[in-house]
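Line by line, the protein sequences are chains F and A.
Okay, so the first sequence: first residue is 1 according to UniProt numbering, each after it adds one.
Okay, so the second sequence: first residue is 1 according to UniProt numbering, each after it adds one.
Hints may be right or wrong, so weigh each one.
Taking lysine-lysine pairs in the BS3-like style, the calculated list, with each CA pair at most 30 Å apart, reads [what the hints assert, rightly or not]: (1) A:133 - F:128; (2) F:72 - A:121; (3) F:100 - A:18; (4) A:18 - F:17; (5) A:145 - F:100; (6) A:77 - A:145; (7) A:83 - F:100.
Now the stretches of chain A that chain F is said to cover, found in silico as 3 or more residues with beta-carbon under 8 Å [said to hold, decoys possible]: (8) 27-34; (9) 51-61; (10) 115-121; (11) 127-140.
No lab work stands behind these hints: they were computed from the structure.
Every residue, glycine too, gets a C-beta built ideally from N, C-alpha and C.
Single-letter residue listing:
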Amino acid sequence: MSLLKNERAIIMSMWDKMASQAEAIGTETLERLFSSYPQTKTYFPHFDLHHGSQQLRAHGSKILAAVGDAVKNIDNLASAMTKLSELHAYILRVDPVNFKLLSHCLLVTLAARFPAEFTPEVHEAWDKFLSILSSVLTEKYR
Amino acid sequence: MVHLTDAEKALVSGLWGKVDVDEIGGESLSSLLVVYPWTQRFFEHFGDLSSASAVMNNAQVKAHGKKVIHSFADGLKHLDNLKGTFSSLSELHCDKLHVDPENFRLLGNMIIIALSHHLGKEFTPCAQAAFQKVVAGVANALAHKYH
Chain F
1 MSLLKNERAI IMSMWDKMAS QAEAIGTETL ERLFSSYPQT KTYFPHFDLH
51 HGSQQLRAHG SKILAAVGDA VKNIDNLASA MTKLSELHAY ILRVDPVNFK
101 LLSHCLLVTL AARFPAEFTP EVHEAWDKFL SILSSVLTEK YR
Chain A
1 MVHLTDAEKA LVSGLWGKVD VDEIGGESLS SLLVVYPWTQ RFFEHFGDLS
51 SASAVMNNAQ VKAHGKKVIH SFADGLKHLD NLKGTFSSLS ELHCDKLHVD
101 PENFRLLGNM IIIALSHHLG KEFTPCAQAA FQKVVAGVAN ALAHKYH
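Just chain F, same shape as in the assembly (with noise of 0.2 Å):
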């Protein structure tokens, strides 16, 4: 699975749009994670998950940062994304699982912040996009 051409556009073209709201976007995912899939509260036994909690919201901004980042280098994942994708190969060992849900709640928030931008075209791209990057960051699982 690669991404076409006007996919590539339209993944950058909404990143533009959601740049500016990067830290509420990624907390806001991380929120609806926790809520509809306690499980990947195992994860982050030292966190304050409450909202609006600081903690919270630098792990949202970081996330989200690094989706800017895996847009900015769109044509070359695998490389661009090479610590992130020792960093959960080796350390954080998530469950590739959750990956899907992280994309799905990433999803859910584009379309709940951006209903006029969210059209099937950019949901279509962005859930590909999302998808690549999940198996990129699997990548050296085993």
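The hints should help you fit chain A onto chain F, whose structure is shown.
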């Protein structure tokens, strides 16, 4: 069995009452066919599905989306007995339609995204969590009679 708290039940029925159910149905099914094009395998007789706009404007997709969502809505009235409610539909999907139950999970998530799209801020993390329980329950109920 789906276990919703009273607060979650209230959230679900309250928000469901605010949306145009037919539109949610059409959008959910269309999104499924656009985002996961391999799901078109069940709808070859639906005519033009060649582009996102073709799918979104396809009359048969809309009609079928309506049918599906009304069935889903029925489930909302019987959260205590989803397996019973969807028993014959489950048999149909297995024996006649030959649909992989994974597709019920995908469609369930498309319903969630359509709801988020229409409700915006009101579709809070708590609201989503309640609906995720519902769609998971419905998907499981539809898969229950598979053999």
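Hint check results:
1. A:133 - F:128: Roughly 25 Å between the alpha carbons, so the hint for residue 133 of chain A and residue 128 of chain F holds.
2. F:72 - A:121: holds (29 Å)
3. F:100 - A:18: The hint holds at about 29 Å.
4. A:18 - F:17: Judged against 30 Å, a Cα distance of about 28 Å means the pair holds.
5. A:145 - F:100: holds (27 Å)
6. A:77 - A:145: Holds. Residue 77 of chain A to residue 145 of chain A sits at ~21 Å (cutoff 30 Å).
7. A:83 - F:100: Holds, because 26 Å separates the two Cα atoms, which is no more than 30 Å.
8. 27-34: holds (count 3)
9. 51-61: Holds, because 3 residues of the segment 51-61 of chain A bring their Cβ atoms closer than 8 Å to Cβ atoms of chain F.
10. 115-121: Coverage by chain F holds for the segment 115-121 of chain A (6 residues, Cβ < 8 Å).
11. 127-140: holds (count 3)
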